[in-house]
Amino acid sequence: GDSVTQMEGPVTLSEEAFLTINCTYTATGYPSLFWYVQYPGEGLQLLLKATKADDKGSNKGFEATYRKETTSFHLEKGSVQVSDSAVYFCALMNTGANSKLTFGKGITLSVRP
Amino acid sequence: DGGITQSPKYLFRKEGQNVTLSCEQNLNHDAMYWYRQDPGQGLRLIYYSQIVNDFQKGDIAEGYSVSREKKESFPLTVTSAQKNPTAFYLCASSGPPGQSNSPLHFGNGTRLTVT
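Residue numbers (our numbering), protein chains in the order written: chain D, 45 to 157; chain S, 12 to 126.
In isolation and in its complexed conformation, chain S is listed as follows (with noise of 0.2 Å):
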């Protein structure tokens, strides 16, 4: 079955690390994004990225970090920059870009929790 493959499920670090998180689809979309969702706030959007080796900030870029050097992967780095680091990530994928009625395919998420 197609669908999006966070890991870890839970992931925990000291303050002043940068952890990577993982993300794997195979839905053969071509747009990824990342977002980080906290109690009272619903979603907010980390990067997103269009197309392989391409990818551009979304409302919260500052600390993190992204790559795309494959279509199927689209890693997050959170780095020791990010102030408030503890979230639930939600990594998520769509279809053609520019098509509206493309739903968004999102993955279980990863609840980092930085100490």
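In isolation and in its complexed conformation, chain D is listed as follows (with noise of 0.2 Å):
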């Protein structure tokens, strides 16, 4: 079945630091590929998406490349912010009739000033 598989964490950065989150997936056909951000006592919000190979998604700085040959779609910011700290989930769906997202497990990212 499908899965997505995210890099362990948690993740500590400095202010103004590079971000990169890892994200690789097992899939049948060619899903569309998502990252969700949850910050502290809320839901999830969608960050950025992309529904085909080499497609960029991007969103608030963050920027995700949809790579068919590698089965990733890694998470990069050039320069992370207090306000990023948060909980960042990769996530995949399928087509199909009965097509639902499937998630990685998250990963925390908290951003020091």
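Think of the hints as simulated: they come from the structure by calculation, not from any bench.
By construction, the Cβ of each residue, glycine as well, lies at the ideal position given by its N, Cα and C atoms.
Among the clues, some could well be false.
[Claimed, not checked] Below, a list of computed lysine-lysine pairs in the DSSO-like style, where the Cα atoms sit at most 27 Å apart:
no., chain 1, residue 1, chain 2, residue 2
1, D, K149, D, K104
2, S, K81, S, K68
3, D, K100, D, K121
4, S, K94, S, K68
5, D, K149, S, K20
6, D, K121, D, K96
7, D, K149, S, K81
8, S, K94, D, K104
9, S, K20, S, K68
[Stated by the list, open to error] Each pair of labels, with its calculated beta carbon distance range:
no., chain 1, residue 1, chain 2, residue 2, range
10, S, N119, D, T95, 40 to 50 Å
11, S, G13, D, T139, 40 to 50 Å
12, S, T88, D, D98, 40 to 50 Å
13, S, T88, D, Y83, 24 to 34 Å
14, S, D70, D, P84, 17 to 27 Å
Build the complex from these two chains, which are given one at a time in their own frames, with help from the hints.
Shown next as structure tokens:
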């Protein structure tokens, strides 16, 4: 079945540091890929998405490129802020009548001033 | 504004009692989902419903039940058969089924504590 693997956390960075959060997936067909973010005490929000190979999703300074050859969708940001502290989830959704999102385990990012 | 409302935000129950978590959406979405979130385990799918009066078990349905009598509502009952009910529960909805680029919209969750 479909699966998503995220790097182990938590991750702690200083403000303005470069961020990379790794995500790889296993899926049949051509899934869409997503990054969701969860701020403390809240539900998840869609951060960015990519629907086909080589697409780049971007939002709020974050970027991720759909790499079919390496089955990856790594999240990057050039300069993190304290307000980026949250839990980040990588996810995929396959096509089909009963398609549903498959999530990775999530990784907690803490950014210190 | 359209969105998903989960209530209450915090819920406390004694062991052996059933409890129902509310989820209402005004996004006119067909599909609704219930996830459970535990530290270090990410999100696990409990039940989902693609259309009114129909629902399917997710990966961890044992000890839970749902109903989908209205498009807007998808309540989750945590029964006394659920061995570890204390968790953060998230409800979500999405657009037409089969569209892989339809993101999920989440509520703000209900934290259930059973003692």
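Consistency of the hints with the structure:
1. D:K149 - D:K104: The given pair, whose Cα atoms are some 22 Å apart, holds under the 27 Å limit.
2. S:K81 - S:K68: holds (18 Å)
3. D:K100 - D:K121: holds (13 Å)
4. S:K94 - S:K68: The given pair, whose Cα atoms are some 17 Å apart, holds under the 27 Å limit.
5. D:K149 - S:K20: Holds, because 23 Å separates the two Cα atoms, which is no more than 27 Å.
6. D:K121 - D:K96: Since the Cα atoms of K121 (chain D) and K96 (chain D) sit roughly 21 Å apart, the hinted pair holds (cutoff 27 Å).
7. D:K149 - S:K81: Given that 27 Å is the threshold and the Cα spacing comes to 31 Å, the pair is violated.
8. S:K94 - D:K104: violated (40 Å)
9. S:K20 - S:K68: holds (24 Å)
10. S:N119 - D:T95: 40 to 50 Å: Distance hint for N119 (chain S), T95 (chain D) is violated at roughly 27 Å.
11. S:G13 - D:T139: 40 to 50 Å: violated (25 Å)
12. S:T88 - D:D98: 40 to 50 Å: Because 45 Å falls inside the window, the suggested range holds.
13. S:T88 - D:Y83: 24 to 34 Å: holds (28 Å)
14. S:D70 - D:P84: 17 to 27 Å: holds (26 Å)
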